[in-house]
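*Asks:* Sequence:
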Amino acid sequence: DLPDELWHDEQFVLGALDEERRGVRVQMHVPRSMWHDKDFLLETMRRGLYVHDQIPDELWLDREVVMASGPSWLALEKSFENRSDREIVLKVAAHANRGAGFASQYAAPELWNDRQFVLEAAGLGEPIFQFAPEFEGDREVLLAALRGSRSVLESGQWCDPEIMVSGNVLQFATPELQGDREVVLAAVSSCAQALRYASPELRGDAKFVFEAMRQSAKVLLYAADELRFDRDFVLDAVRWNGLALAHGVDERRADR
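Heads up: the sequence shown begins at 1 in the UniProt record's numbering, then just goes up one per residue.
Hints may contain errors.
[Unchecked claim] Under the rule of at most 20 Å between Cα atoms (straight-line distance), these lysine to aspartate or glutamate pairs were calculated in the EDC-like manner:
hint, residue 1, residue 2
1, Lys38, Glu64
2, Lys91, Glu120
3, Lys207, Asp232
4, Lys207, Glu182
Calculated directly from the structure, the hints in this document are not laboratory data.
This one's a predicted model, so the numbers in the text were calculated from it and none came from an experiment.
Turn these sequences into a full structure, and let the hints guide you.
*Replies:* Have a look at this one:
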């Protein structure tokens, strides 16, 4: 055991925290008065130490401390004021595990009426349409959401499968946008089954389905039945992408 006076020596404590890094044994010995010292806290975070669990509630109201924390999603959990701050919420979304929806869960309702916030949140892979359905007909927002979805999937980070994979965000789009070729192709690039939510016209358009198959042969599974049961179309699809044979209807697979 070390003398108590050492635990009141800031330089000693910082050195001990540096040695332990993300551990909690040293943190347990640090006097509470130090954790209430803003300058001390800022110095620990400047050194890259994870001390977020030690930050007292009142300092989560301090913008400088919040930004130094990453900002951490704890900034939103601990403070209603932070939930209304567009910059803090967006930075939490960018800093946290993208696609997990941490920022969306905490964002204040008024932020979801802010188109610029919604647009930026969409680009970060946040599940925006659950909170801002009035933007389902906004083409720019939808395209940003599709790009964000693809970025999260490509990053390999964990994401909520119900939000990011199950039909993709195209399922939330208006009928007009579900019939927009560029929008649907962007959706298919992230998730082949997004074609399921495209307009009947696009799902039955052979030229469009061929184009979508550049992204994945699985697209054929979600094409209109009249195409999937069309022998000539399936043969053309196989020539276009040999993997299409695995996703054609049984009758056509037998015709080899």
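*Asks:* Run every hint past the structure and note whether it holds.
*Replies:* Hints versus structure:
For the hint linking Lys38 to Glu64, the alpha-carbon distance of about 9 Å falls within 20 Å, and the restraint holds. For the given pair, Lys91 sits about 10 Å from Glu120 by alpha-carbon distance, which is consistent with the 20 Å threshold. For the hint linking Lys207 to Asp232, the alpha-carbon distance of about 13 Å falls within 20 Å, and the restraint holds. For the hint linking Lys207 to Glu182, the alpha-carbon distance of about 14 Å falls within 20 Å, and the restraint holds.
In this structure, every one of the numbered hints holds.
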